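K.L.:
Residues per chain are reported as follows:
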Amino acid sequence: MTPFDHLPTDLLLRPVAASDLDALQGLAAAAGPGIGSLPDDRAGLARRIEQSLQAFATEDDDTSGEERYLFVLQSSASASGPGSGTGARTANLLGCAGIAARAGYGSRFYSYRNEFIVASSAALGLTQRTHTLHLCHDLTGSTLLTSFYIVPGAPAAAAHLLSRGRLLFLALYAQRFSDRIVVEFPGLLDAGGASPFWDAVGRRFFGMDYPQAEALAGGRSKAFIAHLMPQSPLYVPLLPEAAQSAIGQLHPDGELPFQILIDEGFDADTYIDIFDGGPSAEGRLQALASVRAARPLQQAATQSCLACTRQRDGFRARLVAAGDSAADLGQQPLATPLQVMEAA
Amino acid sequence: MTPALFQIVPTTQAPPGAPPAHELGGWWLCAQTVDGRLLGAVHGLPEQGRSRARCSFHLGRVVHSAPELGLHQVQTTLQLGHDATGEAELSGLYLAVDRMNPMDAGDATTPAAVADALLQAACTRLAEAETPASWVVVELPGWRDAAGRSPFWDGLVRHFLPPGSLDAADAAARHGPAFSTHLGDMLPRQLIHAAFLSPAAQQALGRCADSHTVWLAALQRAGFADWRHGRIEDGGPLLAAPRRAWARLP
Chain D
94 MTPFDHLPTD
104 LLLRPVAASD
114 LDALQGLAAA
124 AGPGIGSLPD
134 DRAGLARRIE
144 QSLQAFATED
154 DDTSGEERYL
164 FVLQSSASAS
174 GPGSGTGART
184 ANLLGCAGIA
194 ARAGYGSRFY
204 SYRNEFIVAS
214 SAALGLTQRT
224 HTLHLCHDLT
234 GSTLLTSFYI
244 VPGAPAAAAH
254 LLSRGRLLFL
264 ALYAQRFSDR
274 IVVEFPGLLD
284 AGGASPFWDA
294 VGRRFFGMDY
304 PQAEALAGGR
314 SKAFIAHLMP
324 QSPLYVPLLP
334 EAAQSAIGQL
344 HPDGELPFQI
354 LIDEGFDADT
364 YIDIFDGGPS
374 AEGRLQALAS
384 VRAARPLQQA
394 ATQSCLACTR
404 QRDGFRARLV
414 AAGDSAADLG
424 QQPLATPLQV
434 MEAA
Chain S
737 MTPALFQIVP
747 TTQAPPGAPP
757 AHELGGWWLC
767 AQTVDGRLLG
777 AVHGLPEQGR
787 SRARCSFHLG
797 RVVHSAPELG
807 LHQVQTTLQL
817 GHDATGEAEL
827 SGLYLAVDRM
837 NPMDAGDATT
847 PAAVADALLQ
857 AACTRLAEAE
867 TPASWVVVEL
877 PGWRDAAGRS
887 PFWDGLVRHF
897 LPPGSLDAAD
907 AAARHGPAFS
917 THLGDMLPRQ
927 LIHAAFLSPA
937 AQQALGRCAD
947 SHTVWLAALQ
957 RAGFADWRHG
967 RIEDGGPLLA
977 APRRAWARLP
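Protein sequences, first through last, are from chains D and S. Per the working numbering, residue 94 is the first one in the first sequence, and the count goes up by one each step. Per the working numbering, residue 737 is the first one in the second sequence, and the count goes up by one each step.
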């Protein structure tokens with residue numbers, strides 16, 4: 094039994110449309126903590142849609158790295174028909190996912206990098222390895238996967254389509270993106286919704302609750318954080334145990350998208366989010382399992398696949414059962430097997 | 737005129753009962769009664785850090801400011817270094833309080849009077865010594881609770897040692913003053929924000945042990961001031977005064 098035994102082929106991944114604003118706000122309202130890049134703010138969401146429309150419409154020669162793409166996942170029953178990828182009027186959206194072409198565009202993108210130092214004293218006969226966190230800009234300029242949200246109860250295959258469909262888009266238009274792909278996952282919160290990591294680190298420098306700081310950061314460049322966070326390493330043993338335990342730990346809401354991307358080949362051991370200590374994963378585009386296994390659909394017709402059009406503006410992707418020619422996806426759809434681990 | 741109830745006597749040997757000098761070399765001054773009883777002592781060293789690395793935490797400040805958000809944070813920081821290297825030093829501070837009557841203000845052999853006299857004599861010697869030192873520095877032991885535990889050790893130092901590997905008192909007794917040099921090898925080289933320490937450790941930073949409050953007061957009367965450094969093993973304060981302040985006028 095696998096998540097792909099019953100393939101929901103009626104689902105469609107497409108760029109967000111202006112008419113999706115109401116449905117998108119519904120998703121943002123339903124999303125809990127950890128999707129700070131898609132706050133429940135109608136004006137902000139309208140701007141995100143406009144940014145995405147511009148990004149998809151921008152010709153390759155005119156890209157700057159500022160582009161922010163937003164995809165939505167809908168049931169094909171609510172779409173207005175094949176070939177009208179952006180034309181749904183009352184789309185029943187099941188989720189959304191985004192891409193920021195360059196993390197920290199025009200500024201800096203902050204993370205904590207895990208490092209270890211070893212101290213030794215021959216006279217005392219002691220050696221000790223100490224975990225440290227270094228504030229860094231290492232991931233600046235990488236392509237950032239953002240805004241992943243899928244409604245509770247959606248089939249696992251839908252999450253694969255939503256998350257991995259973006260990877261096929263990246264592969265098709267690689268010249269627009271960095272070859273280093275990064276994604277931040279929500280960190281651990283306690284039963285009261287507080288972040289132990291934030292309470293031990295950020296609060297000392299911001300003097301405010303995590304949601305308040307997240308709202309500030311979400312509404313502007315994170316560069317302002319540099320003014321308030323220590324530039325020197327954090328010595329993890331000095332943090333309370335709850336904060337130490339939260340480092341690199343995932344919020345339960347992030348488990349499925351996290352596992353999908355870890356299976357793709359993302360590495361989540363090096364960086365964490367500076368706000369909640371959640372893991373930040375990175376991977377090289379050409380090394381990701383879905384990208385390595387991508388081929389024309391005709392060559393992958395014996396397996397269940399995730400297939401997409403080759404059009405940028407009007408991009409669509411869906412799940413395709415073995416033997417399905419997917420004529421609705423136009424000429425020579427690009428496909429990657431759903432069982433990426435086997436294919437890779 | 738106050739009768740000379742004690743005198744200051746130089747020696748090269750550590751007097752019995754006094755804590756060890758922090759480094760080799762230098763000289764001792766002893767306060768002795770006319771019948772030879774030891775009342776107190778201090779060790780002077782014209783230039784410290786020549787026989788071993790002398791570690792301390794520099795206590796600094798950094799300001800984290802984001803005016804556009806209305807946020808402004810002043811943070812105390814600790815930076816491990818060897819800032820006192822090359823400065824003159826007084827150590828081995830000793831008062832034989834059991835041989836004095838601290839309650840009798842009319843007695844010229846009170847602990848405060850003995851400490852004042854020792855500091856005056858020692859600082860004068862250091863002012864006249866041939867040394868590149870600009871400052872005379874004094875380390876005072878850090879505060880401990882009623883059980884003898886150092887909150888600074890518990891809040892900072894122990895986190896950088898293998899759990900259960902070291903008893904501070906045993907190690908200090910075994911290695912003597914060089915213990916702090918060895919300990920320095922284990923502690924962080926990068927800036928530490930004091931805000932990450934426990935509240936008790938923060939309160940202990942720069943706070944003198946109760947056993948040395950007489951010396952602290954005497955040092956302050958002599959012109960010593962907080963040097964914004966702390967001992968690495970217990971956060972005790974370092975005080976300093978300009979060495980030439982005691983130079984005799986020609």
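I should point out that these hints are in silico values taken from the structure, not numbers from a laboratory. Computed from a predicted structure; not experimentally measured. Where is the CB? At the ideal position from N, CA and C, for every residue including glycine. Incorrect hints may appear among the rest.
Said to hold, decoys possible - To give an idea of the interface, some chain S residues facing chain D are shown, with a C-beta separation under 10 Å as derived from the structure:
no.	residue
1	I744
2	T747
3	P756
4	L760
5	L805
6	T845
7	G891
8	F896
9	I928
10	A931
Claimed, not checked - Estimated spans, in silico, between C-beta atoms of each pair:
no.	chain 1	residue 1	chain 2	residue 2	range
11	S	S934	D	D283	19 to 29 Å
12	S	P935	D	R140	42 to 52 Å
13	S	H818	D	T220	18 to 28 Å
K.L.:
Decide, hint by hint, whether the structure agrees.
P.N.:
Cross-check of the supplied hints:
1. Given hint, I744(S) at the interface with chain D, is violated; its Cβ is 36 Å from that chain's nearest Cβ, farther than 10 Å.
2. Hint status for T747(S) relative to chain D: violated, with the closest Cβ pair at about 30 Å, above 10 Å.
3. With 10 Å as the threshold, the beta carbon of P756(S) stays out of range of chain D, its nearest partner Cβ sitting at about 17 Å, so the hint is violated.
4. Nearest Cβ of chain D to the Cβ of L760(S): about 16 Å, over the 10 Å cut. The hint is violated.
5. Interface restraint check: L805(S) against chain D, minimum CB-CB distance 7 Å, threshold 10 Å, status holds.
6. Against a cut-off of 10 Å between C-beta atoms, the interface hint on T845(S) is violated, since the closest Cβ of chain D lies about 41 Å away.
7. Below 10 Å, beta-carbon pairs count as interface contacts, and G891(S) has one with chain D at about 8 Å; its hint therefore holds.
8. Hint on F896(S) holds. Least Cβ distance to chain D is approximately 6 Å, under the 10 Å limit.
9. A distance limit of 10 Å between C-beta atoms decides the matter here; for I928(S) the minimum to chain D is near 7 Å, and the interface restraint holds.
10. Against a cut-off of 10 Å between C-beta atoms, the interface hint on A931(S) holds, since the closest Cβ of chain D lies about 4 Å away.
11. The hinted window of 19 to 29 Å between S934(S) and D283(D) holds, with their beta carbons roughly 20 Å apart.
12. Checked against the hint of 42 to 52 Å, the C-beta distance between P935(S) and R140(D) comes to roughly 44 Å, which is consistent with it.
13. One distance hint, 18 to 28 Å for the beta-carbon pair H818(S) and T220(D), holds here, with the actual separation near 22 Å.
Checked against the numbered hints given earlier, the structure breaks hints 1, 2, 3, 4 and 6 and satisfies all the rest.
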